[in-house]
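Peer 1: These are the residues of each chain, in order.
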Amino acid sequence: MSRKLLLEHINVPGIHTLDVYRQKGGYRSVEKALKTLTPDEVVEEVKKSGLRGRGGAGFPTGMKWSFLAKPEGVARYLVCNADESEPGTFKDRYLMTHIPHALIEGMIVSSFALGAKTSFIYVRGEMMPQIRILERAIAEAKHAGFLGKNILGSGYDLELYVQPGGGAYICGEETALLESLEGKRGNPRIKPPFPAIAGLYGCPTVVNNVESIAAVVPIINDGGDEYAKVGIGRSTGTKLISASGNLVRPGVYEIELGLPVEEFIYSDEWCGGIANGKRLKATVAGGSSVPVLPANLSLKLANGEPRLMSYESLSEGGFATGTMMGSGGFIAFDEDQCMVRNTWNFSRFYHHESCGQCSPCREGTGWMEKVLHRIEYGHGKMSDIDLLVDVAKKIEGNTICPLGDAAAWPVASAIRHFRDEFEWHVKNPQLSLDTNYGLANYAEPIAKAVSTEN
Amino acid sequence: MSDKVKVTIDGITVEVAPGTTILNAARQIGGDIVPPAMCYYSKLEGSGGKCRTCIVKVSKGSEKDPRPMPKLVASCRTTVMDGMEVMNITSPEVIEARSGVVEMLLINHPLDCPVCDQAGECDLQNLGYEHGLQKTRYEFERRTFERIDIGDKIQLHMNRCILCYRCVFTADQITNKRVHGILNRGDHSEISTYIQTAVDNDFSGNVIDVCPVGALTDKTFRFKNRVWFTKPIDAHRDCPTCSGKVTLWYKGEDVLRVTARKDVYGEVEEFICNTCRFDKKKTADWTIEHPTHIPDTSVIASNHYETLIPLPVIQDDERLKEANRIELEKTTKF
Numbered sequence: 001m002s003r004k005l006l007l008e009h010i011n012v013p014g015i016h017t018l019d020v021y022r023q024k025g026g027y028r029s030v031e032k033a034l035k036t037l038t039p040d041e042v043v044e045e046v047k048k049s050g051l052r053g054r055g056g057a058g059f060p061t062g063m064k065w066s067f068l069a070k071p072e073g074v075a076r077y078l079v080c081n082a083d084e085s086e087p088g089t090f091k092d093r094y095l096m097t098h099i100p101h102a103l104i105e106g107m108i109v110s111s112f113a114l115g116a117k118t119s120f121i122y123v124r125g126e127m128m129p130q131i132r133i134l135e136r137a138i139a140e141a142k143h144a145g146f147l148g149k150n151i152l153g154s155g156y157d158l159e160l161y162v163q164p165g166g167g168a169y170i171c172g173e174e175t176a177l178l179e180s181l182e183g184k185r186g187n188p189r190i191k192p193p194f195p196a197i198a199g200l201y202g203c204p205t206v207v208n209n210v211e212s213i214a215a216v217v218p219i220i221n222d223g224g225d226e227y228a229k230v231g232i233g234r235s236t237g238t239k240l241i242s243a244s245g246n247l248v249r250p251g252v253y254e255i256e257l258g259l260p261v262e263e264f265i266y267s268d269e270w271c272g273g274i275a276n277g278k279r280l281k282a283t284v285a286g287g288s289s290v291p292v293l294p295a296n297l298s299l300k301l302a303n304g305e306p307r308l309m310s311y312e313s314l315s316e317g318g319f320a321t322g323t324m325m326g327s328g329g330f331i332a333f334d335e336d337q338c339m340v341r342n343t344w345n346f347s348r349f350y351h352h353e354s355c356g357q358c359s360p361c362r363e364g365t366g367w368m369e370k371v372l373h374r375i376e377y378g379h380g381k382m383s384d385i386d387l388l389v390d391v392a393k394k395i396e397g398n399t400i401c402p403l404g405d406a407a408a409w410p411v412a413s414a415i416r417h418f419r420d421e422f423e424w425h426v427k428n429p430q431l432s433l434d435t436n437y438g439l440a441n442y443a444e445p446i447a448k449a450v451s452t453e454n
Numbered sequence: 001m002s003d004k005v006k007v008t009i010d011g012i013t014v015e016v017a018p019g020t021t022i023l024n025a026a027r028q029i030g031g032d033i034v035p036p037a038m039c040y041y042s043k044l045e046g047s048g049g050k051c052r053t054c055i056v057k058v059s060k061g062s063e064k065d066p067r068p069m070p071k072l073v074a075s076c077r078t079t080v081m082d083g084m085e086v087m088n089i090t091s092p093e094v095i096e097a098r099s100g101v102v103e104m105l106l107i108n109h110p111l112d113c114p115v116c117d118q119a120g121e122c123d124l125q126n127l128g129y130e131h132g133l134q135k136t137r138y139e140f141e142r143r144t145f146e147r148i149d150i151g152d153k154i155q156l157h158m159n160r161c162i163l164c165y166r167c168v169f170t171a172d173q174i175t176n177k178r179v180h181g182i183l184n185r186g187d188h189s190e191i192s193t194y195i196q197t198a199v200d201n202d203f204s205g206n207v208i209d210v211c212p213v214g215a216l217t218d219k220t221f222r223f224k225n226r227v228w229f230t231k232p233i234d235a236h237r238d239c240p241t242c243s244g245k246v247t248l249w250y251k252g253e254d255v256l257r258v259t260a261r262k263d264v265y266g267e268v269e270e271f272i273c274n275t276c277r278f279d280k281k282k283t284a285d286w287t288i289e290h291p292t293h294i295p296d297t298s299v300i301a302s303n304h305y306e307t308l309i310p311l312p313v314i315q316d317d318e319r320l321k322e323a324n325r326i327e328l329e330k331t332t333k334f
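Residue numbers (the numbering used here), protein chains in the order written: chain P, 1 to 454; chain D, 1 to 334.
Derived by calculation from the structure, the hints in this document are not laboratory data.
For each residue, glycine too, the CB sits at the ideal point set by N, CA and C.
Possibly wrong hints are sitting among the right ones.
Listed below are several chain P residues computed to face chain D (Cβ distance under 7 Å; list not exhaustive) [unchecked claim]: (1) A57; (2) F59; (3) S354; (4) S359; (5) P360; (6) G366; (7) K394; (8) N398.
Keeping only pairs whose Cα atoms sit at most 25 Å apart, straight-line, the calculated DSS-like set for lysine-lysine is [stated by the list, open to error]: (9) P/K393 x D/K71; (10) D/K153 x D/K231; (11) P/K191 x D/K135; (12) D/K231 x P/K370.
Using C-beta positions, here's what the derived DEER-type ranges look like [to be verified]: (13) D/D200 x P/M63: 12 to 20 Å; (14) P/V20 x D/F140: 36 to 44 Å; (15) P/E262 x D/E15: 53 to 61 Å; (16) P/H379 x D/G132: 21 to 29 Å; (17) D/Y129 x P/F319: 33 to 41 Å; (18) D/Y129 x P/S383: 36 to 44 Å; (19) D/E146 x P/G272: 53 to 61 Å; (20) D/Q28 x P/H352: 41 to 49 Å; (21) P/D434 x D/D200: 53 to 61 Å; (22) P/E312 x D/V299: 51 to 59 Å; (23) D/R142 x P/H379: 13 to 21 Å; (24) D/P18 x P/M63: 22 to 30 Å.
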């Protein structure tokens with residue numbers, strides 16, 4: 001059994017209440033941080049832990065905190081990004097539903113480290129139950145003296161607010177989130193200035209994912225060095241993985257980073273293999289935004305070594321043969337799934353969610369969606385495949401925020417690895433409507449896949 | 001001047017004040033190396049960064065940190081650093097990305113230039129000529145909207161809009177009643193009817209001038225004439241609300257429309273009020289100054305004979321001089 005840091009007590013009845021959470025050792029980190037540590041020492045612990053942002057980009061959290069500008073007389077804010085809307089990712093919702101106090105405890109310690117007197121949890125609008133759960137938990141914590149004025153007699157004041165969003169995917173982008181939090185239309189801001197300099201209401205702000213903030217609790221409890229011992233290399237600690245798709249046991253799992261992908265899919269401790277005795281065709285390792293990989297490259301690196309669930313190993317080989325950790329939304333596709341349809345589905349999502357601010361994303365996402373729709377419904381042309389690659393390339397890197405990249409990568413990678421299937425769709429328009437291409441060579445040993453690359 | 005920073009754009013070095021954007025530094029150099037800008041408007045605070053036509057490559061970050069920037073950056077919103085080296089027209093990567101952006105801007109544009117009032121002074125038209133493809137690769141229906149009248153003087157033709165947000169910033173700047181001018185998301189976004197509430201303002205007509213395309217047009221000029229058949233004349237009047245400095249667009253003896261004076265980048269010099277723009281259309285209302293200088297590259301210049309001086313080679317050769325006698329006489333007549 002691997003080590004659990006966040007979900008250790010997930011099955012304890014009543015863990016969502018303050019009393020049970022306290023019995024299981026909750027709010028120890030608040031006492032430790034506020035009574036024995038200075039804010040800088042907390043930041044130092046997080047730095048030592050090597051914790052990397054769990055929202056998608058994987059930027060070291062401690063370093064992000066140390067970039068926060070600290071001008072005199074200006075408020076600083078900590079904003080928790082709970083606008084979890086990446087297709088395939090549902091870990092934050094799970095955490096907030098079952099152990100809301102873990103997030104609140106993390107928020108108190110993190111706000112203390114950053115010197116924020118007011119902090120916000122920006123929750124996606126569709127998650128109304130979670131908003132209520134968090135508000136109840138905040139009320140409990142406040143009643144117990146963990147929030148409000150002079151927490152635990154340390155002289156530190158903190159107010160914590162929950163803000164429901166409107167349910168737009170783009171508001172998960174940190175600057176769009178801040179705009180939305182300010183009550184404006186959720187358009188991403190043009191960076192620089194970064195939120196660490198001018199964020200919420202123009203004040204220095206740190207925006208962190210729910211899981212990153214919750215991970216601060218074990219870091220403070222056990223010390224950063226202890227946390228860094230879990231995991232592999234620069235991917236330290238544990239990570240919540242939202243496993244979905246054609247798996248025997250989909251769900252939220254807490255893994256130690258460094259777990260082999262193969263073990264994660266097939267071991268009975270985790271997902272228990274592919275459902276209905278089918279074979280694995282492809283995986284999306286980190287939510288819909290990351291490149292999709294065929295089965296062979298999902299399980300093994302291009303050099304034949306096993307691929308591990310870690311930031312480095314998943315991105316090994318760049319975009320040619322690798323993918324990204326992303327937000328940990330692990331989607332498995334079995335041999336009956338159509339990659340063209342899946343790509344179209346992702347593309348439809350990004351078309352719908354593009355904010356419309358900058359031209360390449362606004363126009364390009366719609367264009368890709370229409371071309372993919374055409375291929376999927378049997379009206380495609382051979383030239384469409386190259387057109388898609390070209391449009392994806394024109395979007396990638398030329399947009400204000402990463403949504404453009406996120407829209408381009410799944411399309412570009414699907415064509416890179418599953419070009420045969422796209423061509424089959426174009427050549428067999430009628431056939432492709434009711435059958436699908438099947439597994440083909442996508443699970444065969446790597447050498448073959450690499451040679452088709454060339 | 002030690003407080004100036006040095007920036008090199010396409011091999012040309014210029015010294016600018018710290019905090020200047022790459023685009024404005026390039027404008028100080030001038031000429032072909034100035035990146036085109038569809039959404040940036042120097043008079044409007046907060047504009048820019050959206051259309052992505054002005055993207056450039058920063059091949060050297062600064063003297064202190066010489067690493068290149070990983071992505072192409074929007075030159076209108078990136079400030080220069082000392083020793084920065086920027087590649088605009090010298091970088092194939094930039095040219096390719098820019099033509100990609102132009103293609104994206106055009107895929108939902110109706111291309112109805114033959115019936116568009118903006119034709120001839122349209123930034124998108126110029127950009128399309130320079131970077132666009134001959135033929136579109138887009139084979140789907142373009143998005144369409146109903147035309148909206150914003151007050152009785154302005155018409156919004158949303159089909160042509162490229163969502164540069166300039167009119168939104170203008171409306172923000174002239175009135176505090178408006179919150180936002182965009183409805184919906186992605187390629188369904190439209191300049192919204194909220195902007196109609198901003199029309200109750202003396203300066204609302206300026207949204208026509210800032211619009212880079214023909215999405216916002218002057219209803220008093222709509223379908224009256226092609227801009228290149230009209231003659232622009234700078235004039236002024238003693239206006240109690242604005243500076244009163246305008247350009248009158250004449251056809252024969254009639255003033256067909258009044259606009260603010262625009263600089264070489266198509267940006268107005270001073271915003272004008274609606275009275276000047278819509279109601280003062282008689283020569284008697286104005287004090288005429290001189291013909292507006294129009295750059296040779298503009299189609300509007302085709303009616304301006306001051307630039308029609310025969311080439312030097314003609315002036316040297318007796319035989320050619322005789323053949324071009326009428327043209328040479330014109331140079332002294334006008």
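Peer 1: Are the hints correct? Go through all of them and say.
Peer 2: Checked hints:
1. This hint is violated: P/A57 has a C-beta 13 Å from the nearest C-beta of chain D, more than the 7 Å allowed.
2. With its C-beta approaching chain D no nearer than about 14 Å, P/F59 sits outside the 7 Å limit, and its interface hint is violated.
3. Here the hint on P/S354 is kept, as its CB sits about 4 Å from the closest CB of chain D, short of 7 Å.
4. Interface restraint check: P/S359 against chain D, minimum CB-CB distance 5 Å, threshold 7 Å, status holds.
5. Checking P/P360 against chain D: minimum C-beta separation of about 5 Å stays under 7 Å; hint holds.
6. At a threshold of 7 Å, the smallest CB-CB gap from P/G366 to chain D is about 4 Å, leaving the interface hint in force.
7. A cut of 7 Å between beta carbons decides the hint on P/K394: the least distance to chain D is about 3 Å, and the hint holds.
8. At a threshold of 7 Å, the smallest CB-CB gap from P/N398 to chain D is about 5 Å, leaving the interface hint in force.
9. A C-alpha spacing of about 13 Å is found between P/K393 and D/K71, which places the hinted pair at or below 25 Å, so the restraint holds.
10. Straight-line distance between C-alpha atoms of D/K153 and D/K231 comes to about 22 Å, which keeps the hinted pair within the 25 Å bound.
11. Taking the CA atoms of P/K191 and D/K135, the gap is about 34 Å. The hint is violated against a cut of 25 Å.
12. Between D/K231 and P/K370, the direct Cα distance comes to roughly 45 Å. Violation of the 25 Å bound is thereby established for this hinted pair.
13. Taken as a hint, the range 12 to 20 Å is violated for the pair D/D200 and P/M63, whose Cβ atoms sit roughly 51 Å apart.
14. A beta carbon spacing of about 56 Å between P/V20 and D/F140 contradicts the range 36 to 44 Å that was offered as a hint.
15. Hint check: P/E262 to D/E15, Cβ distance near 60 Å, so the stated range 53 to 61 Å holds.
16. Take P/H379 and D/G132: their Cβ atoms lie about 26 Å apart, and the range 21 to 29 Å holds.
17. The beta-carbon spacing between D/Y129 and P/F319, approximately 35 Å, falls within the hinted interval of 33 to 41 Å.
18. Between D/Y129 and P/S383 the C-beta distance comes to about 26 Å, which lies outside the given range of 36 to 44 Å.
19. Hint check: D/E146 to P/G272, Cβ distance near 55 Å, so the stated range 53 to 61 Å holds.
20. Hint check: D/Q28 to P/H352, Cβ distance near 42 Å, so the stated range 41 to 49 Å holds.
21. Take P/D434 and D/D200: their Cβ atoms lie about 59 Å apart, and the range 53 to 61 Å holds.
22. For the pair P/E312 and D/V299, the beta carbons lie near 57 Å from each other, so the given range of 51 to 59 Å is met.
23. In this structure the hint that D/R142 and P/H379 lie 13 to 21 Å apart at CB holds, the actual value being about 18 Å.
24. Taking 22 to 30 Å as the suggested C-beta distance range, the pair D/P18 and P/M63 conforms, at roughly 27 Å.
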